[in-house]
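Q: Chain residues, written in single-letter form:
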Amino acid sequence: MQKSPLLNSGNWLTLFRQHETRTGFFILYVMLLVWPFFSRTPWSIPHQYFYYFGVWLALICGLAVQGYLVIRQERQRPSGSPSTPNTNAPAAPPTTTANPTD
Amino acid sequence: MITTTSLVSAMLIYMAILFCIAQWGESRSPLARKVGRHPMTYSLSLAIYCSSWTFYGLIGMATQTGFLFLTSFIGPCLVMIFSWSVLRRLVLLKEHFRFASLADFMAARYNKSNLVGALVSVFALLGSIPYMSIQLKAIIESFNLLLKGTPTSAFERIMQHNFDILVVALMAFFAIVFGVRRQDPTLRHRGMVMALAAESLVKLVAFIAVGVFATWVLNDGLFDLLTYAQAHVDTSPQFAAMTRQMPMELWIAFFLLATINMLFLPRQFHIAIVENPNVNHLRTAQWAFPLYLFLLTLFVFPITIAALKIDLPADTADYFLLLLPQATGHPLLAMLVFIGGFSAAMGMTMAAAMTLSTMFSNNLILPLARRCHFEFPLQKYLLQIRWAAVILILGCSYGFYRAIGEFEMIAQIGILAFSATLQFAPAILGGLYWAKGNRFGAVCGISLGFVFWFFTLIIPALAKAQILPAGLLYDGLFGVSFLRPTGLFGTDGLHPISHAVFWSLLFNATAYVVGSLLVPGTREEQVNAQRFTGVLEVDEQLTLSEALTIPAEPKIRILREIFSRYFSPERTERKLREILRATGMEQMPTISIQLLSQLASNAESALAGSIGVAAAHQSIKESGLLTAEETAAMSLSYADLLAQLNISPKELKEKVDFYQARETLMHKTSEDLQHQVEMRTSELKVTNEHLLKTLSKLNETQKHLVEVDKMAALGGLVAGVAHEINTPLGISITAASHLSDTTSELRDKFATGQLTKTDFTRFFDNSEESLRILRNNTRRAAELIKSFKQVAVDQSSEDRRRFNLKEYLDEVMLSLRPKIKHTPYQIQIDCDPNIVVDTYPGAFSQIITNLVMNSLIHGFEDRDHGTIRIQATRDQDNLNLVYEDDGKGLDAKALEQLFEPFFTSKRGQGGSGLGAHIVYNLVTQKLGGKISKNSQPEAGLRYDIQIPLTR
Chain S
1 MQKSPLLNSG NWLTLFRQHE TRTGFFILYV MLLVWPFFSR TPWSIPHQYF
51 YYFGVWLALI CGLAVQGYLV IRQERQRPSG SPSTPNTNAP AAPPTTTANP
101 TD
Chain P
103 MITTTSLVSA MLIYMAILFC IAQWGESRSP LARKVGRHPM TYSLSLAIYC
153 SSWTFYGLIG MATQTGFLFL TSFIGPCLVM IFSWSVLRRL VLLKEHFRFA
203 SLADFMAARY NKSNLVGALV SVFALLGSIP YMSIQLKAII ESFNLLLKGT
253 PTSAFERIMQ HNFDILVVAL MAFFAIVFGV RRQDPTLRHR GMVMALAAES
303 LVKLVAFIAV GVFATWVLND GLFDLLTYAQ AHVDTSPQFA AMTRQMPMEL
353 WIAFFLLATI NMLFLPRQFH IAIVENPNVN HLRTAQWAFP LYLFLLTLFV
403 FPITIAALKI DLPADTADYF LLLLPQATGH PLLAMLVFIG GFSAAMGMTM
453 AAAMTLSTMF SNNLILPLAR RCHFEFPLQK YLLQIRWAAV ILILGCSYGF
503 YRAIGEFEMI AQIGILAFSA TLQFAPAILG GLYWAKGNRF GAVCGISLGF
553 VFWFFTLIIP ALAKAQILPA GLLYDGLFGV SFLRPTGLFG TDGLHPISHA
603 VFWSLLFNAT AYVVGSLLVP GTREEQVNAQ RFTGVLEVDE QLTLSEALTI
653 PAEPKIRILR EIFSRYFSPE RTERKLREIL RATGMEQMPT ISIQLLSQLA
703 SNAESALAGS IGVAAAHQSI KESGLLTAEE TAAMSLSYAD LLAQLNISPK
753 ELKEKVDFYQ ARETLMHKTS EDLQHQVEMR TSELKVTNEH LLKTLSKLNE
803 TQKHLVEVDK MAALGGLVAG VAHEINTPLG ISITAASHLS DTTSELRDKF
853 ATGQLTKTDF TRFFDNSEES LRILRNNTRR AAELIKSFKQ VAVDQSSEDR
903 RRFNLKEYLD EVMLSLRPKI KHTPYQIQID CDPNIVVDTY PGAFSQIITN
953 LVMNSLIHGF EDRDHGTIRI QATRDQDNLN LVYEDDGKGL DAKALEQLFE
1003 PFFTSKRGQG GSGLGAHIVY NLVTQKLGGK ISKNSQPEAG LRYDIQIPLT
1053 R
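Quick note, the sequences are listed as chains S and P, same order.
The opening residue of the first sequence carries number 1 in the working numbering; numbering runs sequentially from there.
The opening residue of the second sequence carries number 103 in the working numbering; numbering runs sequentially from there.
Hints are computed from structural coordinates only; laboratory data are not their basis.
A few of these clues could be false.
Simulated restraints, written as ranges between beta carbons of each label pair [to be verified]:
(1) S:L32 - P:R346: 12 to 22 angstroms
(2) P:R139 - S:L69: 21 to 31 angstroms
(3) P:Y535 - S:L69: 19 to 29 angstroms
(4) P:S255 - S:G54: 50 to 60 angstroms
(5) S:L32 - P:V758: 41 to 51 angstroms
(6) P:Y535 - S:L32: 23 to 33 angstroms
Every residue gets a Cβ at the ideal spot worked out from N, C-alpha and C, and that includes glycine.
Build the full structure now, drawing on both the sequences and the hints.
A: Next comes the structure, spelled out in structure tokens:
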């Protein structure tokens, strides 16, 4: 059976590299953190403890999965290729502009 | 019970262990290099973020502000989603610009400005000294708390009184030995990073140990503790504080403080950026470091609740971690906590002292000396200046602790220091992402930010410590209530921290932006800014020009003069050689303008590693290495090059970038490969050693087996010979008995007078016959014993002697007779009776014995006939021995393995598989000869042995 393109780790990473996606996660996470502030009744100590540490652990798991996927993708990449598509990695050499008078 | 001596000893032993780790880390051992470069070591070293403020102070904070402390940890973790790109950018910039500290980076970004570097250094020092004082406070107070009420001897009292000095001295020593050992601080301190990683592990283990103890040993688990706290919310103000939701602006302030400090605290910047061995390690750190923080903070609440449950005073909350095991009678656990706290303080102090001393020397002392024209001889003593700076910084921290630290809780001083670092954030982030941000804006922003930081946080702290009048807090500056340090411009409702963060950051960021926009930087500054932000603009107003040839010697002389200001003569020459080699102009009398440009760039880069980017740039600029004419020629030459290549300046830049990046990638790949080769070599070495050991053991076992085999053969020989001697001795006994009987019979007849002549004649006949039998059989027994003695002695002796070969072969055969005589097999010996050889008879006897026994046991198995032929001849130098049997022979595979140890066709039936192997070893090693084998199934087996006689 052919794998769904979305299940491909490369696609997930592309999604994660998009600034908008990361900002979305960030906002979502901040909302989760401030949720107890908007509660009508104060949360009990056990509730707060398990809530905050649970949310934190979820973040760590997310970061670990992202890190794992990136590393796996880099290992699968043919040797000699630049590690990540960023501004500092070497792009293809620019071709010399032809002189129109030639 | 914990005594002063035991506590100080534990501390010193721990220091010694750290020292060994750091020393090992600096060694060339492949394992040390592997561990030092490991991403987990890097991730753990980042945990110097958790100083003693975290270790002890978190619990104090939890008792006052409940869950607020979590923002200091969740914030940095959350920002890991984005910080990857910030950190990566900084690491890549570090590799290019070789900056050695935060101040150096700022100076490099803002047009290599000494002023920016100096400002950042001064404020970093101001912000860090309170923070370092907490570390001293934590160690000294935890030491005193542990020993409170402990009887002490006079010596121990002296030790207690001077403990603070001892701690400062130890910290200075460690920071100097491992943090400030090289003049070029951009070189990685692998040993120190490994020691920091080890310290991070120790403090984590200590914290978790107390957490587990408080949760599951003293109480019935996590839920039990949390429900207990909830049940006592109404009676305990500390538990009530845990349920109280802190104002959101305070959460945001803490979140900002923690996040910025995780990235830009001077020590954190140094470890995360300057000491980064590989940019990809950031990927591991992005989850490993948050996990570390998670594990460390997991038990803050359980420990706090457990301590309050046993009624420990709330005003000692900073030290609940230490007091809890001590109050419940677990001094060893308390000592572990002390060591953990010491680790936390030590790691932070060491890294901070190292980076601050670099800032102090590179960005304050050297520029100041240059400005005052007092350069000589300071530059030659850069390292010593840094050592002095370490001592000075630690001394100031100790002074701060004695002046103010004793009045404040650890957490409050920590926040004070954190807020100072926040003032660098606009200039750093703007410098990385906003090309218009310039030196003027940065100076305005940082200065104004620190003014507000000082006014809103330090002045209230000084007033509380009664160093400044307390009225300042209520009446405001100059009696203007609008200028109250804790209620600036009428913002009274804010928490002091939120208040300080809000105002200082607002003025800082505004001044940075407005200053940058109002006073645009020079063209040079703009180009430099674009190198940092990644947007490249190239001057296109270039025209054609002719190339210029420049004599090399004057330029080298200028460089020598610059370098000799900072380095010893030997080092100056070495650096010069390296630069000339890197530029590719060794022994060139004249150089082109392009080479000169390259030379200036390489020289600046080499100098930047030691004295900072700004100072290096200034030195090269002021040295006259590039004259105005040469600078102009360089511009023309560059334009000429563009014209020749027929490309635009932008395209040229892209090409250069591409090839530079490719070179970096190749260099990195080559380093990785080299590392892998080293690793494999090391692994092979280990495997080889293991194999050698196994081989040695195998040889020992084999020798032992050979000895056992020899003894068994000797035992068989003894049994056989005993059996053989038994026959002639039995016959002799019978003959002697018969002679005795006939003698008695003759005596009786003589006594009774019945003796006849016939009796007498018969007696003589019987006597002669008996004596003949006796003589023959005793001679036979004597011969047997003689042969046995010779063979047995030879087999157990290593001596060499001369002997007659034929006689010796007969003796060996005689010793083998018990094995042969009951079999149908024949042995034929064909040997010249005159052959005398000088060799090892024992080895010889064992060779013949083993070959014969192999034939009997294996060759003639299940056969009713068989013949063994032994033929011995001698030429001038060798004895040639042919041994053959007509047994069942061997197939090709078995023949191939014949001489291998433990090869046998009778495994499990008593065959050791060593007979032929021993023969091979005796012939080739003991006798120095050659042996070959030949056989086919059902065609017998033949050995051809050649033994040299002149060995």
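Q: A separate judgement is required for each hint: does it hold in the structure or not?
A: Here is what the structure says about each hint:
1. At roughly 20 angstroms, the beta carbons of L32 of chain S and R346 of chain P sit within the given window of 12 to 22 angstroms.
2. For the pair R139 of chain P and L69 of chain S, the supplied restraint of 21 to 31 angstroms holds, since their beta-carbon distance comes to about 23 angstroms.
3. Our hint of 19 to 29 angstroms for Y535 of chain P and L69 of chain S holds, since their Cβ atoms are close to 26 angstroms apart.
4. Judged by the Cβ atoms, the range 50 to 60 angstroms given for S255 of chain P and G54 of chain S holds: they are separated by roughly 52 angstroms.
5. In this structure, L32 of chain S and V758 of chain P meet the distance hint of 41 to 51 angstroms, their C-beta atoms being roughly 47 angstroms apart.
6. About 27 angstroms separates the C-beta atoms of Y535 of chain P and L32 of chain S, a value consistent with the hinted range of 23 to 33 angstroms.
Of the numbered hints listed earlier, not one is contradicted by the structure.
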